[in-house]
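Chains as they are written, first to last, in my numbering: chain X, 8 to 632; chain Z, 30 to 207; chain W, 1448 to 1554.
Because the hints were derived from the structure by calculation, they are not lab data. It is possible that part of the hints are untrue.
[Stated by the list, open to error] Each computed DSS-like pair below joins lysine-lysine, with the alpha-carbon atoms no more than 27 Å apart: (1) Z:Lys67 - Z:Lys176; (2) W:Lys1478 - X:Lys57; (3) X:Lys600 - Z:Lys67; (4) X:Lys124 - X:Lys47; (5) X:Lys550 - W:Lys1478; (6) X:Lys143 - W:Lys1469; (7) W:Lys1469 - X:Lys394; (8) X:Lys57 - X:Lys124; (9) X:Lys47 - X:Lys77; (10) Z:Lys67 - X:Lys339; (11) Z:Lys146 - X:Lys47; (12) X:Lys57 - W:Lys1465; (13) X:Lys47 - X:Lys87; (14) W:Lys1478 - X:Lys394.
[Stated by the list, open to error] Label pairs and their calculated CB-CB ranges: (15) X:Lys323 - Z:Leu111: 54 to 60 Å; (16) Z:Ser174 - X:Lys616: 34 to 40 Å; (17) Z:Gln161 - X:Gln368: 40 to 46 Å.
Bear in mind the structure is a predicted one, so any value in this text is a computation, not a measurement. Cβ atoms here follow ideal geometry from the backbone N, Cα and C, with glycine treated the same way.
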Amino acid sequence: MALLQISEPGQSTTPHQRRFAAGIDLGTTNSLVATVRNGKAETLADESKKELLPSVVRYLSNGEIQTGEKALSHSIEDPKNTIISSKRIIGRSTKELIQTDKNHTNEFSHTETGTAKILTVAGEISPIEVASEILKNLKNRAEKTLGDELSGVVITVPAYFDDAQRQATKDAATLANLKVFRLLNEPTAAAIAYGLDAESEGAIVVYDFGGGTFDVSILQLNKGVFEVLATAGDTQLGGDDLDLLIANWITKKLDIQFELDKSTLRYIYNKAKYAKEKLTQENKVAIDLDIDQAFKGTIILTRNKFNEIVEPLVKKTISPCRQAIRDANINKTEIKNVVMVGGSTRIPLVRQLVTDFFEQQIHVDIDPDKVVALGAAIQADILAGNKPDSDMLLLDVNPLSLGIETMGGLVEKIISRNTTLPVARAQEFTTFKEGQTALAIHVVQGERELVDDCRSLARFELHGIPPMVAGAAKIRVTFQIDADGLLNVSARETISGVESQITVKPSYGLESDEIENMLRSSIKHAAEDLGMRKLREQQVAAKRELEAIEAALLEDADTHLNAEERTKIDAAVDQLRACMEDSDSAIIKKAIKNVEQVASFYVERRMNKNIQQALTGHNVNDINI
Amino acid sequence: MKDDNFFELFGLKVQFEINGADLTARYRALQSQIHPDKYTNAAEKERLLSVHKAALVNEAYQVLKTPLPRAKYMLSLHGILLDEQQSTTLMAPDFLMEQMELREALSEIQHADSPIKLLDDIFSKIESKKNQLISDIALKLSKESKKEYEAAADKVRQLQFFIKLQEEARQIESQLDL
Amino acid sequence: MAITLTPTAANRVAEFLKNRGKGEGLRLGVKPSGCSGMAYVIEFADTIEDTDVTFVDHGVTVIVDNKSLIYLDGTELDFTKEGLNEGFKFNNPNVDAECGCGESFTV
């Protein structure tokens, strides 16, 4: 039998209608899941009372997939099939990996472009599939803990993640059968966890130094509104890099003359990590080593020596701090709080340098490993609708400029960095040949001026442009970035009004049929039928649609609809309700579309009313006099 | 509500003078009604519409809150479009001379003995020029005549020069930091 | 007439109220619906109405509207763990049959 949790006043739901939501911190080293129960955000533990799930997945030849501790414990004996830090490779190409991450112990497929895939005994595995295994594990844990299915989740991503990385994260959630309410930037999540407790107003710096990434964000907190003013960072700098420096120091110290194999490298690397963690509490650490043919014994690493080794890398985090302050257009003295996030902020040297730079006490009260997941859980609870009187609002920014390729491989910026989301910008294009009916657009993300220095996001092909003389067609392309930071493109020929068809070819993400294929293959293991899953998805969508429209009608149908309009909407709603239990997902889908179409004018009227209402408190007349 | 006028979207009269705090309060009130986060459980169509409206409100806010884009936007409402790649031949010679002098001073900073102080001087000079131009623009935009609008457009062009100069000075400042 | 809390339940309620930072106490009630007639209500309470009856047990204020009290009288609220899942449970002597989900019942 289900156990009950305390709701907010008036928010008790009917049985089986409760909206369980969770926040997931999908980290480079560890991942966590948290939820709000009885009004309190808490991270959830597994059966062995462990909250941190190592972000490690191991693929076996018999089709078994291990995650977490179990996978981690095999990382030395089976490095090739064990994937650690997969977050660093998600949404990246093989070429990029070879350039940025020479010390990976996995092997990748050798394609020049496209997403990197990891070669394992179970075949080529996409980093998206790896992430989805972690998500499935956490989903399972949350549902066991809450006693019911999750209605949706908030998944955190580094603020600096580009579109490809965000899309890949969302694809991973789709594969894990999770509905994503929102992708939330990690620093924003941390500020939520701190901000709501501390009731502070003013500028907040979130310094997030995790296992694989570093970023710093400056947020403005005002009456429950979180506004991200600026964000900067380095997606390829993290605690892992510190481990690597220590590992290199160990190897050098041992004076090993031959090339080490992958499992010895991993062994030394694990020792380095252990030493780093010990040194957050102690002044020196003894590292016991047993490497065949090379060394057996103990070497000592002092904190001073450690600081000396890692200081150049830690210092690399300060320049993004300076940049963020400049981008936010604030003064250092206006900063009210500095919040520390990520395991690497346990390192005393890191705390020292950050305190020195911002010239103030830093916040370390909430466990730096949990703070992001806790913030995500609070946001998930609100988005699920469990706290309707919450006035919290998150206004995130676009972390990287978005542009298109122009003549000569140059980039023309369309949406600049740090623009508040969501954002939409239209750009006009024309044809340069007579009778041209198609147009290719290359979208890139980054701050540099040459296309080659930016990240390729997608190539769009517009088809169906009516043939005209060169330069006569006017194609209006709208680039929209939603609240999750995901890009959406639509195009229209404005002279003839022809809606152009767009074929999106993501440079690194997955195409929708690829997702379907992955689903198919993962379902072989999960003993779940794809058709069943589709049907259930449509049923959930139908239920959502019905709930939404019924709530709206109950609220203000009288104000916005005349009898005839009301009858039409009611008919569509009745039709949808009648086919909800149908076994054909296509029929349900059609009925949902029908309701959407019939009610679209009503939705628009309601939205405009909301806008009017928002302004009524502001005494419009006073100002207009 | 008309989508094509940012002032009306915010329930404001079309005028250059704007109360920043009031504008921000209106912006937040609007976003707290239409932001996509308020429509997580709404129907698909409604969510898409909310993304669209929230993007529009964001754009309007960006334009209205800063003097230069606000002035340009007002001029565009009056049919005056300022070309991004404007030609310097349109500018008065003494204005161009002043610009050249400031640029020269800026280029010499890195080799100067006390660069921070020199830079501060340049910053305050730019700031006072900018403020003067902004109040000129406000005055000219308040007089509803085609001739005054054209005059305002001239001042807006000058303001663009100073803003570009300020950006360059900031870049030099950031290099000094390192 | 009385409604009681087990010491564990009282501790948890006190903790959650403290964490929430406001609230008069814990509101318990029933409302029609669910798979077998009645469903339990368990909420934080910010106000106490004229029609409410209050009890204090282990230092925790329990608020019940007088209509619900008929169905809840004699109930002991417990807090238990079942595997990973933990939460509150109504031990209600008035109950005839419970839906398997434990969230609703008939009298």
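Here's how the hints hold up against the structure:
1. Z:Lys67 - Z:Lys176: Not OK: Lys67 (chain Z) and Lys176 (chain Z) at ~46 Å, beyond 27 Å, violated.
2. W:Lys1478 - X:Lys57: violated, 38 Å
3. X:Lys600 - Z:Lys67: The given pair, whose Cα atoms are some 22 Å apart, holds under the 27 Å limit.
4. X:Lys124 - X:Lys47: violated, 40 Å
5. X:Lys550 - W:Lys1478: holds, 23 Å
6. X:Lys143 - W:Lys1469: violated, 36 Å
7. W:Lys1469 - X:Lys394: Given pair Lys1469 (chain W), Lys394 (chain X) holds - Cα atoms ~15 Å apart, limit 27 Å.
8. X:Lys57 - X:Lys124: violated, 30 Å
9. X:Lys47 - X:Lys77: violated, 30 Å
10. Z:Lys67 - X:Lys339: violated, 33 Å
11. Z:Lys146 - X:Lys47: violated, 52 Å
12. X:Lys57 - W:Lys1465: Holds, because 26 Å separates the two Cα atoms, which is no more than 27 Å.
13. X:Lys47 - X:Lys87: Since the Cα atoms of Lys47 (chain X) and Lys87 (chain X) sit roughly 41 Å apart, the hinted pair is violated (cutoff 27 Å).
14. W:Lys1478 - X:Lys394: Judged against 27 Å, a Cα distance of about 20 Å means the pair holds.
15. X:Lys323 - Z:Leu111: 54 to 60 Å: Check failed, 41 Å falls outside 54 to 60 Å.
16. Z:Ser174 - X:Lys616: 34 to 40 Å: Given a distance of about 38 Å, which is inside 34 to 40 Å, the answer is holds.
17. Z:Gln161 - X:Gln368: 40 to 46 Å: holds, 42 Å
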